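Asker: Taken in order, these protein sequences are the chains called A and B.
Per numbering that gives the first Met the number 0, residue 0 is the first one in the first sequence, and the count goes up by one each step.
Per numbering that gives the first Met the number 0, residue 0 is the first one in the second sequence, and the count goes up by one each step.
If you are wondering where the hints come from, they were derived from the structure by calculation, not from laboratory data.
Hints should not be assumed to be uniformly reliable.
[What the hints assert, rightly or not] What follows is a set of in silico ranges between Cβ atoms, one per label pair, in the way DEER data are often shown:
#1 B:Arg205 with A:Asn31: 38 to 48 Å
#2 A:Glu279 with B:Thr176: 51 to 61 Å
#3 B:Gln137 with A:Asp106: 49 to 59 Å
#4 B:Gly112 with A:Glu279: 39 to 49 Å
#5 A:Ala340 with B:Gly112: 26 to 36 Å
Keep in mind that this is a model prediction, so the values were computed, not measured.
Cβ atoms here follow ideal geometry from the backbone N, Cα and C, with glycine treated the same way.
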Amino acid sequence: MKAVYLDHAATTPIRNEVREAMEPYLSESFGNPSSLHRWGREASAALENARATVAETLSVSPQEIYFTRGGTESDNLAVLGCCRFMKAHKKQLTLVVSAIEHSAVLDPAKLVREWQGVELVTLPVSQDGVLDQELLKLALESGPTVVSLLWVNNETGLVFPIAEISGLVNELGGTMHTDAVQAVGKIPVHVKETSIHLLTASGHKIYGPKGTGILFVRSGVDLVPLIHGGGQEQALRPGTEDVAGAVGFACSLQLAIEEQQQSCKKLTELRSVLERRLLELIPGLSINLQDAERASHISSIAIDDVDREDLLAALDLEGIAASGGSACESGSTQTSHVITALYGEEHSAATVRFSLGIETTEQDIEQTILKFTSIVTRLRKLGVAS
Amino acid sequence: MAMSGGVDSSVAAALLVEQGHDVVGVTMKTFCYSETPDHSKTCCGLDGISDAKRVTAALGIPHYVFDVEEAFDRDVIDDFVTQYAEGRTPNPCVRCNGYTKFRDLLSRGRSLGCDLIASGHYVQIEHTHSQSRILRGQDKQKDQSYFLWALPDEMLKSLLFPIGSLTKEQVREHAHTQGLVNANKPESQEICFVPTGNYRDLLRERLGKVHPALQPGYLVRRSGEIVGEHNGYAGFTIGQRKGLGGGSSEPMFVLSINPDTKEVIVGTRAELFDDIVIISGLNWLGGPIEDGATALVQLRYRAPAVPALVSREEDQVILKLQEAQPAVTPGQSAVLFDQENRCLIGGGTIASAHSSD
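Isolated chain A (complex conformation) (with noise of 0.2 Å):
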């Protein structure tokens, strides 16, 4: 029996094309760029030319573009040094995010709310995936506002359409970052045609090697770093820099963005597939936001009677790799703060997320279907039974 992987929001493998192009940087191209002699010459030319493929796939400026360790450390980056900025210029700051964003963002946006002269606001989003924009505005008019918001949520898909909402953002004055971590390569991701003046990626989630990512600073916005300790990356992220990371990151971001449209044509067919046969075969399951707009490598689905995590383990067992949400949040059997703020406390139904992804077949959908219908059925029974 073939193992199926069906988490490809938690991570990727790292793909041949970006292995291969990561390689001489490993070992015989392993010089440190800020050295003057040929091998660092050799880095630092790898690593601006990483930078610049970055650039001209997402249409921005190379000097926009900052490497990071990842997608959490930009996160981090942006919110957090974004309004320290802010705060060292201005008495009174509102942060707002949406009640279902990424700890990466809430935890960060958790510290700030403690200083002084800060508030936090935190959007509601309907059952239907509708974001208050209405309090948005409130919170934009109030004066200087740093709003932080996913482009597609991690556990369940959700696109926030963010082109709109940056544009509301700009035109009244605010500074807007999103976590695109879940975006790139699963939806058109045109920063240009949008007012985004901050924007995380990740590369493990697209093919690319873990701790590695960008975030993109629009010219003119300004962040205090979070380490301290060099000139790398303008001095905003210091820090030898990981040069074979970086060429990887760019290799696969640009192959995720080039092949977004087929890629998501292909899974968008796989994931009905896998929905419509689950809905048909077992009574008690429905599709988390079925009907909003959702990138399509997410499935989130919630079923009645069955245990969250007898359920996943039951899965495994079949060689079949579902997550509960986020990854980022296993270990702890809470229901998600995802699954809570869409559907309230009482909601008790145990949510699998299926994440698909490139090498993802038909063959997979349909041995998930099969494995996932028995289990569930065989642990009714046994629920029934006790």
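Based on the hints, put chain B in the right spot on chain A.
Answerer: Okay, now just chain B, sitting in the frame of chain A:
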């Protein structure tokens, strides 16, 4: 296979794999480790979970962590605190095995399609056609049958104890031969949810500083004579000698605790001996023994089993010990073994004890 991340359960898992079983490792996350900054202690902490993950990965078996915090908090920690508040000395491991761990394991195991539940306790289990019996572990120093009397009888048929026939030394040896990452891990001694070893902090946190159990009271003799003061009866256990101050001609021991008056009753070693023990919440394994029969009873974990006449009175059981024993402690377990001192036949919680003289 219940995995704590310790060497015992790791070797147990390795043995099951060697024997050709299809093994699934499971760790029960029993309380919130993030609130205890000191997780250098060995078992069940986050390092326990990561060791269990490393060991299971090396053995090539799946491993899952299940969160039982809520039930553990309610059934074990709350009970622990209540017992101390009422002047008793609880056995949280007995409570956990009987109320939380094995029940959860069994139901999780069924969900995962497992036929048997295994744990790394030093006890043996004998399955015959008609019955399953828990026997003392081969290693007399490590035998843990004392902690298992509260298991539901009908559960025994589903249990396996792979290291029960080994000594601790053999287990360590096996861990080394297998190259298990935790082969040299120190033994865990403390109560898992009191990693600092100071349970009074937990009581203060749960009961509040003003609870009578943590308030000053008197040290009194049985005669009623006040011989000193203490700062909270929850800090005492029967037989304790420490913390009673000096001043008397012979060593003094805690004889009993009276939560109503906040008094800790102290006396000489001779006064510490009781031969009548009242047990509540008795659980028989393999059916009750005849009223008036003799069994061997173990009154604390490290104590030898001693002969006693067992008689029933309503929902309590009365033990008449052949020889009076020191420091029989309410809240601890009285665990019954057959006359060969080999087979676990039941147990209960010591409600009270007195001397028939």
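Asker: Decide, hint by hint, whether the structure agrees.
Answerer: Hints versus structure:
Checked against the hint of 38 to 48 Å, the C-beta distance between B:Arg205 and A:Asn31 comes to roughly 55 Å, which is inconsistent with it. For A:Glu279 and B:Thr176, the Cβ-Cβ distance of about 53 Å falls inside the hinted range of 51 to 61 Å, so the restraint holds. Between B:Gln137 and A:Asp106 the CB atoms are about 50 Å apart, so this pair conforms to the stated range of 49 to 59 Å. Under the hint 39 to 49 Å, the C-beta atoms of B:Gly112 and A:Glu279, about 25 Å apart, miss the expected range.
One distance hint, 26 to 36 Å for the beta-carbon pair A:Ala340 and B:Gly112, holds here, with the actual separation near 34 Å.
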